[in-house]
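*Asks:* Next come the chains, spelled out residue by residue.
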Amino acid sequence: MKAVVSGLAAAFCLLAFFATPTRADTKVILGIFYYGCDEPCQGVQSELAESGYDVKMDVRNLHQDISRLPALLEEARSRKVDLVITHGTSATLGTVGRLEDADDPRFLSEIPVVFTQVADPFGTGIAESFERSGRENVAGTFNRVPEAVNIEVIRSYDPDFDRLGLLYNSNEENSVIKHDELAALAPTLGVELIALEIEPGVSGPPDIDRIPARMAELAEAGVKWVYLGSSSFLRQNGDLFTETAVKAGIAVVSPYESLVRSSSALLSIAAREEDVGRLAARQALAILRDGKTPGELPILSATDFAYVVNMDVARELGRIPPFAFLQVAETVPD
Amino acid sequence: MRFRSWIVTTLVIGIALAVLSVLLVLQHNALYSALLRQRIAVIAQTTAETFRPVLDLGLPITMLRDGDKIVARGIAIDPEIVAVHAINPTGIVAYTTGTKPLQLSQEVLTAMRLADRDAWGHETADMIYSGFSIHRETGGPLSGAVVVEYPHGPLETASQNIVRVTLHSAILILIGTSVLAYILIYLVLDRPQRRLAALLRAYRQGQALEATASPDRSQKHGGLDAELSQLARSLHDADEAYGKAQRAIGAFAEGQPVSPTHRHGHSEEAAPGQPGRLKALILARVLPITIVLLVASALMLGTVVMRAVTRSIEPELAARTDLIGTVVSENVQRALESGIALDEIVGADRYFGDMLERLPEVAYIAIATGRIVIEAGERIDPYLAPPRERRGVRSHPILRDEEEVAYVVIDIDPRLIAQRFRDVFLDAAVILLVTILLAWEAMLLLTGRTLTGGLARLQRLSAMQAACDFSKRVAGNGKDSIQAILSNMSERAEALHESCARAIETAAAPSRHALEQIGTRFGLSPGGPKLLETSSFSDIRLALFLFAAADELPLAFLPIYTRSADNIWPWLDQSVLISLPLAGYLLAIVLMSPYARVLVERFGVRGLFFAAALPTLAAHIGLFAASTAQEIILWRAVTGFGYALVTLAAQDYVLSVATRADRDRMLGIFSLVLFGGVFSGVALGGVLADRLGPSNVFLVSATLIAVSALLSRWLIAPGIGKTHSQQETATDRTSKWRVLADARLFALIFCIAIPGAVVLQAFVSYLVALTLNANGASAAEIGRILMLYFITVMAISPLAGRLEELLRLPGAVLCLAGAAFAGLALLPVAMAPSQLTMAVAMIGTGAGGALVRGTQVSLALSLSESNVAGPGPTAVLGALRTGERLGSIVGLVFLAWLSGVSGYTAATLAIAVWTLAGGALFAIMGGKEFLTKRWTSQ
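Chains as they are written, first to last, in the working numbering: chain A, 1 to 334; chain B, 1 to 938.
Any given hint could turn out to be false.
Some chain A residues judged to face chain B by a derived CB distance under 7 angstroms, without partners named [stated by the list, open to error]: (1) F130; (2) G134; (3) T303; (4) E316; (5) L317; (6) A324.
Simulated restraints, written as ranges between beta carbons of each label pair [unchecked claim]: (7) D180(A) x R420(B): 42 to 48 angstroms; (8) E330(A) x A125(B): 36 to 42 angstroms; (9) D126(B) x P333(A): 42 to 48 angstroms; (10) T90(B) x R261(A): 57 to 63 angstroms; (11) D162(A) x W897(B): 43 to 49 angstroms; (12) D290(A) x A319(B): 49 to 55 angstroms; (13) G370(B) x D180(A): 35 to 41 angstroms; (14) A221(A) x M127(B): 56 to 62 angstroms; (15) Q42(A) x D126(B): 43 to 49 angstroms; (16) K292(A) x T90(B): 45 to 51 angstroms; (17) R117(B) x K56(A): 55 to 61 angstroms; (18) A125(B) x Q42(A): 47 to 53 angstroms.
Treat the hints as calculated values from the structure; they're not laboratory data. Note that the structure is a prediction, hence the values are computed from the model and not measured. Even for Gly, the Cβ is constructed at its ideal location relative to N, Cα and C.
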């Protein structure tokens, strides 16, 4: 009896195998994500699924380790995937390099690449302008508000605001670029920037234990508001960063909404990360389904930005949002 | 006579009530629509304020998450709202509560672009739109806007109610006044009617008319009896003259020649050129009744309708206050829902303070729990707040966990509400005034034509026949006793003409000459009697009034209308562009004026009036259909041609029908009628534009011009004007410029006349509408303020001529005073433009303009008589008129450019300085002499 059942099962499996149509035309996307399949990754998947187009995304988690990237690029080449999606500044730089690296064989130039969650694609030399990326195989998305907006948001929340704190780490290029940008911008807006490198002189990731000390230094310098800037390291250690800040009486303004919703950042003006992922998926579909050339697509900007305020943190810091702010802001917890 | 008088009075009152009803309903609808828009504006504004923080950061409106939820709050507050849209500066809808159109309609976007203030509105047949624009900084580029769509239904319901009340009231008032008119007219015309009937009966029965014409009776019962006696004598003498003529012709026919005799002795007394006073005397009895009943019925209807209007708008005002309370309550509720306590709220006072700045009628907003927790603005002094105002009203509870934790307190400023009602009454007063002016013109025409026309013709024809003049007849189409006598007299005249012609034909040569002499003596000719023309100024005044009103209807909005049109000359400064319709209009007048006289002589007044009205009618239709500023310039210039020809033709008509002694008085009345039309046009144009839309006002103008043209065709006798002498047509064109060599005339033209004309054309006709529009005034408000200028001119002009004698001042001093008045009156509006300062400027420039206008012509004529050798008064007046018109065109274009570069107030200041400096220069050039009569009498 058992043999009959086993045989039937085997026959069923064989039938099922051969009856399943071959999916030779299914497009394959290799998704290289810095933190694994987080909100942007889920956004890509949802949008692809909802499109009804025959495409699948194989997710690869970098585990915040750029050294894993060459192997993933090799996989993309060998499997001849149809498109690569990169998440974050470091992953993107490792995949396509800068504009001047167009002929560098280390980077992908034959496979279409869509980048997402890059803080400043133009400052880093990944893309030329909003109108086009500057390279035939590269398209992308943009999801940040101008830094001047972040500063003005703080001012509208706290009219006495005149000093902005910043912690950065030099092992991430985007973190350094953001520091330089703010150093140039802040004085023009009448704000003093007090920027501290978390652990100077270290080429790799800084020691997380340095964060509380650096935060205390900022508090000592009279900083009431600190900006998270652009740092995967700080984002990864968001809980520690934001809680330390609150303890030091400093409010955190974050470009990542999740740090307001799930950690102790006070305020963010940002697009939903899932929405940013959906934007990347739309770029991918435009290339794969609609036959567009990546380099001719404009860099898609995220919309649907929101002020999000963590009311628990606001109360703890004694900084209740102004009345006008509450008319437009989303507050957490709901 | 009594029946006709009653019909005419009823008809005039009926016309007045109909016009008044239409205008009051239009005014109510305009007001209700404005209030509705203002109420909805609260939603538009508060929704826009929610988007403002995002836009103030320089982010596009499309970047805000959940914008659809924000716009949906509006509908939650007022479910009657059809849709709320948030749009980006190009009009693309970013968020909406409805189905998302790609873009709002172009007319709504045009209304947004043309608005000088953040709050704006638009209305279509189905929808009322209220918008609020968001600018990052004052005067900065548009960041976005919120537009609320509201159904037309509530306005239509309110309008139908007012129409019902107005119609019922008007019918009742008309019936009442008509009955009263019948009784009063019966009483005042009873005796004249009986006397006239007796006279006519006696005449028809061939009784001795001498008895009815006894001098004793005529002296005893005043002018009317005297005139009736005169008529009786004329009829009697006419009979005698007829018999004499018959006998004279018959004698020749029978070969018994009689010696020619002189015409009847009464010929001097009742010469054909002197119409009898019977018409005037009867009118003097009827007109006061008509006027009193007309004014009383208009006032009654105005009062009843205004009460209905007040009842109609009061709930709308209260609804706005209620809505503001709801919005405040919702805002606080939203803050509480974020988890904070009422006393933790920060920045609400500032938020509500900003809100108060945009809601002028709200003086104070507070959130109270028993004590005031949040407040903005200032509480109203209880002495200022009448009980019916919503002062300190507790409303709109704020809930937490379904329990009331606070409530909203709103104080409405009663002064602003009172001002709103005052404005309503002022508008109604203007409408009343215009209606009475129009009814007055209609009344003069109707009474002149139908009531006393037959009597006047009878008096005139009988006087002519009594003086042995049988050269005229009247066309008979009536069946009353007067018409029967007129027909009888006409038939007699025709019979005499015929028998005389027959006698001449059959007579032998020697007798023929004598017969021809008899024919000449009795005004007989082979062609038969000619039609008696009884022309008077009243025949043309309604046509002139309507034409002037139609011409000025667009004054309150023409610059704004031109600004909204497409410009196919992008290289031209917009301010200059919008002055060009006016400049083209003035230029057309300058170019056409010299030819008007020649054309009148060629075509007659009737022909020219009608011919000029046709292209003007076409031009107004062109203005209605115009889509570009260039079309508006072209068509407005055509209206300038028409205006020049029609007004000068009408002036020639006055000169033709007035006796020499009456000429100055008639010309004065001509000016009053013209200004009355201008005044009515300006005042009504704004009201109509507010309700019908500016382009449709041109159709109203076209209709009025068509009526005016038809009236001119029907009422003006064909030959008038054609026989005018050829004098002055060949004036040496260059001679008028040679007169400028005289320093005093030069000073008069350049320092007084041109600045005065610039005040009228550049300020009154151009800058006033633009300045007031920029300050948020509606077209009706602009019209009402502009009207002050014309009403002041109408009031002061008749005085200007007398002041010289009364104050014993030389004309030069009055000119100087006029310039100073006008210049000084402009200063407050140049410093702080507002409706009040503009009203002051209108009165001041109107008074100044009237003084200058009233004295500059006589001053120039005095100079032509005493100082200027050669060219004479025609050249001097030509130089003055052409100089001031050309100067005003140049001044207008220059000041339009200046207003574009430096703003309206700078342009106004420039006109003030120009006027004052001109006056000062005039004084210096005149020196001490102008303080004495020597200035003009050297």
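*Asks:* A separate judgement is required for each hint: does it hold in the structure or not?
*Replies:* Hint check results:
no. : hint                                  : in the structure
1   : F130                                  : violated (13 angstroms)
2   : G134                                  : violated (24 angstroms)
3   : T303                                  : holds (5 angstroms)
4   : E316                                  : violated (13 angstroms)
5   : L317                                  : violated (13 angstroms)
6   : A324                                  : holds (5 angstroms)
7   : D180(A) x R420(B): 42 to 48 angstroms : violated (59 angstroms)
8   : E330(A) x A125(B): 36 to 42 angstroms : holds (41 angstroms)
9   : D126(B) x P333(A): 42 to 48 angstroms : holds (45 angstroms)
10  : T90(B) x R261(A): 57 to 63 angstroms  : violated (34 angstroms)
11  : D162(A) x W897(B): 43 to 49 angstroms : holds (46 angstroms)
12  : D290(A) x A319(B): 49 to 55 angstroms : holds (52 angstroms)
13  : G370(B) x D180(A): 35 to 41 angstroms : violated (56 angstroms)
14  : A221(A) x M127(B): 56 to 62 angstroms : holds (58 angstroms)
15  : Q42(A) x D126(B): 43 to 49 angstroms  : holds (45 angstroms)
16  : K292(A) x T90(B): 45 to 51 angstroms  : violated (25 angstroms)
17  : R117(B) x K56(A): 55 to 61 angstroms  : holds (56 angstroms)
18  : A125(B) x Q42(A): 47 to 53 angstroms  : holds (50 angstroms)
This entry does not satisfy hints 1, 2, 4, 5, 7, 10, 13 and 16, going by the numbered hints stated previously.
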